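So the protein lines, in turn, are chains A, B and C. Going letter by letter, the first sequence gives residues 1 to 369 in my numbering. Going letter by letter, the second sequence gives residues 1 to 326 in my numbering. Going letter by letter, the third sequence gives residues 1 to 266 in my numbering.
Worth flagging that the hints you see were computed from the coordinates, not collected in a lab. On a predicted model such as this, the values are computed, not experimentally measured, just so you know. Yeah, the Cβ is synthetic: ideal placement off N, Cα and C, and Gly gets one too. One should not assume that every hint holds.
[Claimed, not checked] In the EDC-like style, the derived pairs of lysine to aspartate or glutamate whose C-alpha atoms are separated by at most 20 Å in a straight line are:
| # | chain 1 | residue 1 | chain 2 | residue 2 |
| --- | --- | --- | --- | --- |
| 1 | C | Lys86 | A | Glu235 |
| 2 | C | Lys26 | C | Asp108 |
| 3 | A | Lys232 | C | Asp108 |
| 4 | C | Lys68 | A | Asp340 |
| 5 | C | Lys140 | C | Asp152 |
| 6 | C | Lys166 | A | Glu235 |
| 7 | C | Lys132 | C | Asp152 |
| 8 | B | Lys248 | B | Glu169 |
| 9 | C | Lys86 | C | Glu46 |
| 10 | A | Lys149 | C | Glu90 |
| 11 | A | Lys232 | B | Asp257 |
| 12 | C | Lys26 | C | Glu46 |
| 13 | A | Lys236 | C | Asp194 |
| 14 | C | Lys157 | A | Glu233 |
| 15 | A | Lys236 | C | Glu90 |
[To be verified] From the derived model, a few chain B residues whose C-beta atoms are all more than 12 Å from chain A:
| # | residue |
| --- | --- |
| 16 | Leu143 |
| 17 | Val164 |
| 18 | Pro252 |
| 19 | Ile309 |
[Unchecked claim] Selected chain A positions facing chain B (in silico; Cβ < 8 Å):
| # | residue |
| --- | --- |
| 20 | Trp107 |
| 21 | Gln121 |
| 22 | Ser148 |
| 23 | Ile204 |
| 24 | Leu206 |
| 25 | Phe207 |
| 26 | Ala210 |
| 27 | Ala214 |
| 28 | Ala292 |
| 29 | Leu336 |
| 30 | Asp340 |
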Amino acid sequence: MTEVVGRIRPASNVPTRLLLFGGIALLIFCIFPFVAGEFQTNLMAKLLLFGALGVSLDLVWGFTGILSFAHGVFFTLGGYVAAYYLKLNLSASANNYGGTLPDFMVWNGLTELPWFIAPLQFFPVAAIAMLLIPAGFAYVIGWFIFRSKVSGVYITIITLAISSALTTFFISQQAYTGGTNGITDVSKLSLLGIVIPPIGLYFIILFFTAALIAGGWWLTQSNFGLILRSIKENEKRISYLGYDVAGFKIFIWTLSAAIAGIAGGLFVPLNRFISPVYLAVAFGTQVVIWVAVGGRGTLFGPLIAAILLGQVQNSVDRITQDWQLIVGFILLLVVLFLPDGLMSLLPKPLRFTENNQVTGYLPPAPKKR
Amino acid sequence: MSVCALQIGSSLVSSLIDLAQTAPAEPKAAFSMIAFANQLLNGVGIVGILLLTGLGLAITFGVMRIINLAHGEFIMLGAYVSFVLQSAFKMDLLLTIPFAFLFTALVGAVVELTIIRRLYGRPLETLLATWGLSIVMQGIVKLIFTAQLKYVKAPPYIRGNLTVFGSGEQAVEISYYRLFIVVVALLLLALTAFLLYKTSLGREVRAVTQSREMAKCLGVNTSLIDMATFAYGCGLAGIAGSVISSLKSVAPPMGQDYLVDAWMTVVAGGVDKLVGVLAGAALIGESKAAIAFLLDDPAARVIVLAALIILIRYRPEGLFTIQKRA
Amino acid sequence: MQTVSSTADLDAIDSMETVLAVRDLKVVFSGFQALKGVNLDVGDQEIVTIIGPNGAGKSTLLDAIVGKSPVASGQVIYHGQDITNKNSHEIARMGIGRKFQNPNVYNDLSVFENILLALKGNHTVFSSIRSKMTRLKKEKIELVLDQIGLLDKGYTKVASLSHGQKQWVEIGMVIAQDPTVVLLDEPTAGMTADETHLTGEIIKAIAQSHSVVVIEHDMEFVKQIAQRIVVLHQGEKLAEGSVGEIQSNPRVIEVYLGREQIDSAA
C-alpha cells in the first residue's frame, strides 16, 4: 500500500465483510422482482421505502438519541407533494370531471387551483418540494425545540402532538387535502413521457434505499457521526468543547426529514394514494417499532425489521384484524427484553455498528514514560 | 429552506383566512358577545377536562418522573368501568367513580410491578414501553368490548344548563355536567395537594422522589411508595375517565385524544408544583376555546400547539417552575 | 465590548495582563445565593487555586464562567469582552476549557475518540462532515495521550478505565482543546498520592502556555502547584494570596484550615 501523505487511510473504512454482505443483499434484491411476481414486487418496494423511513428515524433516534413520532408526518408531507403532482397530471380524459381540477376540489366547491398547490404540477417543482417541504417544516420545529433547553422526553411528546394535530388539520381541510380519503386515483408516474412500469419503480426505490444506506454509512462513520454519538451519550459535555449541539441536532433532524419526505414521495406512485392515515400517530409508531425491533443505532436493523414485520403482517392480516395488538406486544417485549433489537442477536462483526474511524488504526507501540 | 417554510406557513395562513372569511356567512357563528361569553364558559369546561386528565400525569410524571404514555388508556379503562357497572347494575354514574378509581389503581399497581419498575431512570425506555402498553390495552379492550361506541348516561340531577345571565337566545349558560367536571377536578386537585404536602405519606413520597437512597436509609419502603404513587396517579386517570364518560362516547381509542392534551397541559404548566397543572389547563383550555370560536377546532389545535412549541423555546421549564441547580 | 465599571479596575487589568476577570458575580438558585458577588482575576500563564469548604460556591463559580449556571448579576470578562451568560459552546470556542468535578467523559467511546472530539479546530456541522483523519491530527492526539500517560490505552473504551485514569482523560481533553484559560475542578479526586503528584506536574506543564484555575481540597497538592490561592466561603471571597499568606490568615484558619486541623486532631 502506498503511503498517503498528510492523511491516513483507515485500515478498512468499509470492512470487506460489509461489502460482501451488502453486495449479496443487493444482488438478491435485484433478482427478487424477476422471481417473485408483481404483488410481492410491489410489497417489497413498499417495505424498502418503509425501511428507508426507519433508517431516517434511526439517524435521529438510534444515533443521536432524539425519539420522534413525527417521522410518519415528514414521510406523508413528501407523499402529499407527490400526490398533488400525480393528481394534477392526470390526463383530462382520466379525470371524472374532464378538467384539470382534482375531483376532491370540485366536490368541495373550489373553482380554481389554489395558488400554493398550482406550482406542484411541474415535475422539477414537485421533485424539489417533496424534499424541501418536509425538511423546511422539520427545520422550523427543530429550530424551536432544539434551541430550547427542554429534555428529550418533552421533544418526543411534542412530536406526538404534531402528528395528532396535523392529522385533524388535514382531515378538516377537505377542499385542499381531500379530507379523510386523502388524494386518491392518482396517475402513474411517467418520466420523459414514458410511464414507469412497477418493476421500474421497484428499481428506482431499490436504488434510493441502497444509496441511503451507503450515504448513512459514510455519514455515521465520519467525524460528524462521532459527534452524534457523543450528543446521544451526553449532550452537555460536548458543548463545553465548543460544539453547538442544537446546530447538530437541527441539521440531522432536517436531513432525516428530507429523507423521510423523499421516501414518502416515492411511496405515492407505488401506493396510488395518500391519506391522513399516514400522518396519524399509529403510523409514526410503526416507524418507531421498525427501529426498535431492528436495533437502534444500526443502519440495517430498521430495514430488516420493516421487511420482516411487513411480511409477517401481510400473512397475519389474512388471519386476524388485530395487528395493532400484536404490534403493541412486540414493542413492549422488545423494550423489556431485547433493547438493542434483532441486530443484537447477530455476532458482533455482522452488526456493523463500530465506528471505523478509530478502530481502523493500529495502536502505536507503547512508550516508556 | 426558509422559503419553503414560508410556503407551508402561508398556505396554512391562507386556509385559515379562508376559514375566517367563510365563518360569518353562517348566522350562528357571527361574532356576538353572548356567543363569545358562552364560548369562554365552554372553555371553562375544557379547562376542567384538561385539569382532570392532567392531574394523574402531574403525579406520575410531575412527582415520580415516570413518562406514562398509557395514561390515556387508564382514562379509557375508568370510562369502561362506569359503562360496565351502569349497564350491568344500572348504577348511578357518581357511584361508579370509586370503583373506577380502585380498578384502574389496581391495574396501575400491576403495571408498575411488571413494567415500570424495570425501567426506572431510563425515561425514553419507559416512554416506549408504556406506549406499547397503551396499544396493548386498547387492543385487549377492543377484543372484549369490540370497537363499537358505548354510551354512559349522566344522572338526571346534573343534566341541563346553569344560566349565568340573560335568557332564551341571549342566555349565557354552562351545562351542569361541565360544572360538575370542574368541581370534581378542583376537589381532586385539593385532595392531592393535601395528601402530598400535608401528610406524612406525602412527605415520604416526596422524600423518595428526591433521594431514593436516603429515603431507603431512613426506613421508607421505597418500592411500596413507588407502586402506591403510580397506582394513585392511574386511579386519578380512572376517575377522569369515569367522570367524562358520558360527555362523549366510550370507545377503545378514546384515551389517545386525552393523552396528547393532558401532556400539553403538563408541558405548558410545568410540573414542579401541582398548581402548574391548573395554570396549564387554564391557559390551554381557554385559548383553545377562544381560537375555536374564531376559526375551528382543528385550527385551534394547530395554533395552540404552535404557540406551545414557541413557548418552550423561551420558557422550557413551563410557566410555573422555579430555576434549579444543574 | 463591555466597559468595566471603574477605571481603577481597568488599570489593574492592564498591569496584570488579565485574561479572565470575574466582577461582582452573583448566582442564585431558587432563592439561595450560591455566589454573593465574587471577584476574580486570572492573569496570563498563571495558576490560580481556589479552595474552600463544601458548598462554598467553587464549582458554581466555574459553572457560571462556562455558561452552565445562569448569572443573576455581575460580569464575566474574557480578554476585555463580556461573555456573561453566553452559550456554553460560544464560550468554549472563545478559549475557555473546563474539566468537571466527576470525570465527565464519554464512556462509550475510546480514549482516542474522546481526545479527538476535544481537539482544537473548526467545530461546525459542515466542517465535521468534511473533516478527515489526518496524520497531523493523529500525532497531536498521540502527543496528548503521551502527556497524560495513556498512550497504550488509546483504543480502549473509557468505561473500562479506573477513576484516576478517567480524570486524566478529561485533563487530556482540555489539553487537546488548547484553550487560553483552563478551568480544572478537583482534578485529583480519587487519585493515589503518586497519581496526584503526576497530575500536579501535568498542570504545571499546562501552565507554561495557559492560564489555569484549579479547584482543590488536597493541601499537599495545592502547595505543589499554587502560585496564588483564593479562598471561597459561603459564596464570598474570604481571602486571597500566596500559600504562606493564606496559611497565616486568621479568618481562613478559623473557617477552613482550623476545622481541618480539628478534624485531623480528632
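Exercise for the section: Provide an ascending list of the numbers of those earlier hints which the structure does not satisfy. Expected result: 2, 4, 7, 8, 9, 11, 12, 13, 16, 18, 19, 20, 21, 23, 24, 25, 26, 27, 30
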